[in-house]
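J.: If you want the building blocks of each chain, they are given just below.
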Amino acid sequence: MKTASRILGTALFLDGFEVQDAPRYGAERRGAPLFAYVRASRQPINERGVIRRPDLVIVADDTLVPMPAAGVMAGLGDFTVLLVNSQEAPSVWKDRLNLKGPVLTLPATAEDRQELRFAGAACAGAAAALLGVVSRGATERAIREELGPLGAEVVAANLERALAAFDLMAGHAGCVQEGTEVSASGYRHPEWIDLPFEDARVAAPAIHGAATSVEVKTGLWRTMRPVIDYSRCNRCWWVCSSFCPDSAIGVNAEGRPQIDYEHCKGCMICVAQCPPHAIEAIAERAAAAAEGGRP
Amino acid sequence: MSETRFKRMKDLPSGHLLGSGTPMCAGCGGLEALHEIYDILGEKTVFVNAAGCMTLLSVYPFTPFRGSWLYTAMASAPAGAQGVRDALDILLQKGRMAPTDDLEVVVLTGDGAAYGMGLSATSGAIERGLDFLYVCYDNEGYGNTGQQYSGATPHGARTATSTGARGYPGYKKDLFSILAAHRPAYVATAIGAEPLDLARKVEQAKGLKGPRFIIALSPCPTGWDYDPKDTVEIGRLAVRSGVWPLKEYRDGKVTHTKIPGARLPVEDYLKTQGRFAHLFTPQRNEALLGEIQGRVDAYWQAVG
Ligand SMILES: Cc1ncc(C[n+]2csc(CCOP(=O)(O)OP(=O)(O)O)c2C)c(N)n1
Ligand code: SF4
Ligand code: SF4
Ligand code: SF4
Ligand SMILES: [Mg+2]
Chain H
1 MKTASRILGT ALFLDGFEVQ DAPRYGAERR GAPLFAYVRA SRQPINERGV
51 IRRPDLVIVA DDTLVPMPAA GVMAGLGDFT VLLVNSQEAP SVWKDRLNLK
101 GPVLTLPATA EDRQELRFAG AACAGAAAAL LGVVSRGATE RAIREELGPL
151 GAEVVAANLE RALAAFDLMA GHAGCVQEGT EVSASGYRHP EWIDLPFEDA
201 RVAAPAIHGA ATSVEVKTGL WRTMRPVIDY SRCNRCWWVC SSFCPDSAIG
251 VNAEGRPQID YEHCKGCMIC VAQCPPHAIE AIAERAAAAA EGGRP
Chain L
296 MSETRFKRMK DLPSGHLLGS GTPMCAGCGG LEALHEIYDI LGEKTVFVNA
346 AGCMTLLSVY PFTPFRGSWL YTAMASAPAG AQGVRDALDI LLQKGRMAPT
396 DDLEVVVLTG DGAAYGMGLS ATSGAIERGL DFLYVCYDNE GYGNTGQQYS
446 GATPHGARTA TSTGARGYPG YKKDLFSILA AHRPAYVATA IGAEPLDLAR
496 KVEQAKGLKG PRFIIALSPC PTGWDYDPKD TVEIGRLAVR SGVWPLKEYR
546 DGKVTHTKIP GARLPVEDYL KTQGRFAHLF TPQRNEALLG EIQGRVDAYW
596 QAVG
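Heads up: the sequence lines are chains H and L, in that order. Here this note's numbering is used: the first sequence runs in plain steps of one and ends on residue 295. Here this note's numbering is used: the second sequence runs in plain steps of one and ends on residue 599.
Because the hints were derived from the structure by calculation, they are not lab data. Using N, Cα and C, we set each Cβ at its ideal position, and we do this for glycine too.
Distance windows between CB atoms, simulated:
| hint | chain 1 | residue 1 | chain 2 | residue 2 | range |
| --- | --- | --- | --- | --- | --- |
| 1 | L | LYS339 | H | LYS2 | 34 to 44 Å |
| 2 | L | LYS305 | H | ALA290 | 29 to 39 Å |
| 3 | H | GLY151 | L | LYS339 | 47 to 57 Å |
| 4 | H | GLY209 | L | THR456 | 37 to 47 Å |
| 5 | L | LYS339 | H | ARG53 | 48 to 58 Å |
In isolation and in its complexed conformation, chain L is listed as follows (with noise of 0.2 Å):
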């Protein structure tokens, strides 16, 4: 990681640009990566969101944002993104908007429109070296339908959709890969959790042209089920057990910024969500358990 403004957590934005009074659940894990994310953007952003939970963010005539947002269908937010920046590019090339007034584009959408149905658009954005960035608030389900399953999903996951006793049968898809394998100019993971990590990231993001991506894990008490108050706490049990490894690929080069030093058990991470207690109870399932724990292993040992 280059030079960069945020040393200590001191240097965090203590006044905030995304307004309060937004409809999303209490103690959302999504909005709090998203109102750390945007202290650091600032104001000149234009949003293009596709259908998730984040969709009711601006509903009219009410919005949390200072400029403008736009709505896509939910796989196609890189595509909206691309008229967004080819009409600002008109604009500037026209002369008729100054180029201190340009905008960053941002893409907004769930894990859900990330991991499945826009991947295709994202793909072809990044082929066509689209200059925006990407934010994905990754709850690992469709959340604003009743959390079903995503690309996105944890294997033995409950959700709307995967229910009995062994949970989700799929693997998480690893987005961060498929993204990298692109070669856009920057991917990075993040959470609400460590916004120090997140402001630095955001900061990389910002000072680079081309396609770029954040993709946020964000706990989500209604679709993980757990109280509201633990958000940050599950946040951070997924940085130290190893679940979510905080990491930022830039040219060429995968670098892990946060590296757990004696990684927590993967179970202190499941016990804390009611998603996973068909793991604990009524009795441990150990071969899941086990399975998940070297999963988590392996990936690290990869890493060395």
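Chain H on its own, in the form it takes in the complex (with noise of 0.2 Å):
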């Protein structure tokens, strides 16, 4: 999504807007969901940080957008165009979501997960047809510039989807509706709060729990799920567990390993490991669909 964000920005660019893009993490690392943002204007922008009311929300992996917190419906207003990448029906996620403003579905490409690396072209390839403001030719060139150093092959799969996907959303070109401007003058800043000095014993950020990191759900992060067939798993000596390195397989009293999806990030470490292929990669879109949704 980072890169999908540089690569409309850079379309936006060539076709003559001022543009900010920018992605938006905390401390995690690869894998763990991403916010990023691009911000275009005529004019010099002045305004700076995050995009509190978009015009424009892409959603690339549609398990997150009922999560609270993985907080992609901030800021949604009246006429914010959403575009969920989806198998399901715009109409669906409307009603799901109880929207007004304008839905759309960009169709999720396979469930597997190289073909996920090109959610970002496609989005941002989306995003240019329904802004109405970018050609097609500044698309392509966009991402010939920002993928380039990774090489031919990798640019032409990406140009792919990219242009497959501005040509799908040629019909809605130009829903999305510029916002106004915001004027500096408007800027009330926010209540502070005054923290007086403590005492390093006070003030000190100790944590008197053990592992409270499991309060992080890291279950938010996967694409696909590892889930286990019982009528395989000969209780090996739990490979899995060993191997899993966020510790999200336990082995219970009669040797039965358990995955616990609360936790687990989805890497396949499990799947590729476990001898006797006792456990299945299924994308997490559809397992959750079939559990209406994330454990």
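Take the two lone chains and join them into the complex the hints point to.
T.: Written out as structure tokens, the structure reads:
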């Protein structure tokens, strides 16, 4: 998504806009949910920071939409266009989320991880079309510019997906409405709270609990879900449990491995290593849909 | 290697101490090694962590550890460990802490700190005979800042600062030998993909006093450019191709703990990672591949 924002930003720039694009993430490393913003204007942009009232929101991983913690719905107004990378129909999302504004879907590409690599390019291509002010040519040039260093093959594969998405959305070109200029004089600073300087024993960020990291539900990261077929698991030497980097597989008293889906990040090491191939990889999208949500 | 309670995979712990929910990348080989190490070390540990990916493990108010954690500058973890050890010793001496409550001081750093920036602090700590265990997760680059090269980067690998057709022009530093030359209590290489070998080494280190070191090669999907599911497979290939010799130093003697029988060609290992792709496409760089293989062959010939 970070690259998608760069592609879109560069395309806008090539077509004469002033642009800001920036990813936003916390301490998490690769695999964690991530936001990226693009702000464009014909005039110099004085506004900085996070976009609070977006005109277009694109969701690359639809399993994140219903998760309040993921915050993808933040700032959605009545005119904000929502584009979800999903196999479900726009009307389904519109009803599910009870939205007034326009909802579109980009039919999610195949459920394998190889194809997921191109989701960013597809989203950028779709966004460029929806804005209605970015040409197909600029989109293509932006991809060549941003991905060029990765080699001709990567460029070609991403171009194919991006332009297909651009063409697919051509019918909706211009559905994104331009936001109004935000004036600096209207800025109101937050209500600051004064924190007195305390003794180090009070002020130091001491944690008295053990392993508090379990409060962070890294299960949100997953795009693929490992599922154990217990009829094939031979309760081996607990291969999966030792190799799982995230301590997400425990073995119970009967020697049965159990996956903690609240924390499994979906690396698929267990799937690759299980000796009798008892662990299957299922697309999170399909697994979550079958269960009515993420565990 | 002396008596061990880890004879078979079945002897490995199946409940895990390291908390889930860390911000490390999915499939992180360093985290895999750390969780295996922590299970054997146990809860009575205090970690002293130099800047690197693993700094992110403890981001207030979250920590995967069950005990204390101290963050130091990149070059200073062994100095931090000295302070913690001294404080514990004073508490013990004054009777303000029961000997059964004593903690093992564990330094945890990446290769950037261990092979480079922090080497002088480490050398000093060995000189002073500091009683501590140093765990280095070696992902062969400055992972946290975008995989720039470090003193542990292998010859020919692409990093953020070693691009072009020949990759990194330098050679991976032999940290094991540098440390062993100081004659500390214990030095071992390990890898998360060989959990039994690793468990025995942690067990050995735990049973000794003085400066002790475990260098764990840590396949890094993000920095090495491969699918996270391959972390264990790539680790195993590093051992089976002879690229990462598993060995230990104790009482002045180096012992190889797992000698690959029929060594696989090094390119079987290199081919799995995007950081070596330029050795194979657009055409094979026979000279560089030959040089890398030659160095591995020479190492094992010398081992005998
Ligand atoms: C003295 C100093 N220089 C640079 C940095 C910035 N920095 C933070 S983490 C890091 C990389 C550390 O590499 P390594 O020790 O191998 O750990 P990894 O990130 O790979 O886990 C760098 C350069 C720093 N924190 N301190
Ligand atoms: S996919 Fe498997 S190995 Fe990876 S985090 Fe989930 S349970 Fe652990
Ligand atoms: S690795 Fe496979 S066979 Fe072994 S315990 Fe896990 S699921 Fe069962
Ligand atoms: S960059 Fe590499 S070492 Fe750092 S958290 Fe990610 S996988 Fe682990
Ligand atoms: Mg490193």
